[in-house]
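Per the working numbering, the sequence shown starts with residue 2, numbered consecutively.
Relax, there's no trap hidden among the hints.
Label pairs and their computed distance ranges (CB to CB):
#	residue 1	residue 2	range
1	Gly-199	Tyr-115	16 to 26 Å
2	Asn-92	Asn-153	30 to 40 Å
3	Asp-80	Thr-215	45 to 55 Å
4	Gly-176	Tyr-115	12 to 22 Å
5	Ile-29	Thr-118	34 to 44 Å
6	Ser-198	Gly-137	17 to 27 Å
Hint data in this document are derived by calculation from the structure and do not stem from the laboratory.
None of the values given here were measured: they were computed from a predicted structure.
Yeah, the Cβ is synthetic: ideal placement off N, Cα and C, and Gly gets one too.
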Amino acid sequence: MEIQQIAREIKPLVMGWMYADLGDGWRIIPYGAAYGSATTITFAGVDCTVLFPVGAPVRWRQREGWLYGYVVSVAFSTDTTLTVVGNSVVNAPIGAVWVSHGINPTGFPGWFAYSPTPTGFSSVPATADYRFAIVGRVVTLVVAQKVNGTSNATTLTVSLPVTAATVGTAGTWTGTNGHAVDNGIGLTVASRWNINSGGTTIDFYTNMSLGEWTNAGGKRVRCVAQYEI
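Whenever a hint applies, use it, and build me the whole structure from the sequences.
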């Protein structure tokens, strides 16, 4: 048998073994990876898009340590470009990339902090936590503004960690805030958050309709929201 034919027959077996789950929930990607940007990893000359479901946990090794994130999108055009959210991709060599088709692979942090851009403030809340986790195509988002910011608008928005899915012009995700302060006074009526189809922000209102904020004084919100990607 020719050497080339043997190589062709062995290669799928080797690739299959390398991509197998070895018991910790992770599967190693059997292709070389490289830095693309702070949010992208590239695989030169190969289409491996099928290996990366949207929302799947991923990890990659750089500078002798693991970095983690979720798959946001994957596309092929000459190279495969994998877009991730979570830890930033470092402009340095990538040793290996692994993906999980499960929910909680070994070592995966699950929750990630991010730094959004809140609007509606002349001074944003100085103490705040913004975190997210993804399961499948569902993002769970925590917005916890722990002290008041100074209002300068009748609106209040926070940028999302991942753009919402486009599900039609009428599609939205909405729910009730856990706590809200307007003009320095805690609201005693229910207030609302809303994310539009294809949206990049979560928008907040002072009641369960489209209640506006006072464009002066202190304001803040706390909520747990979910939306589709």
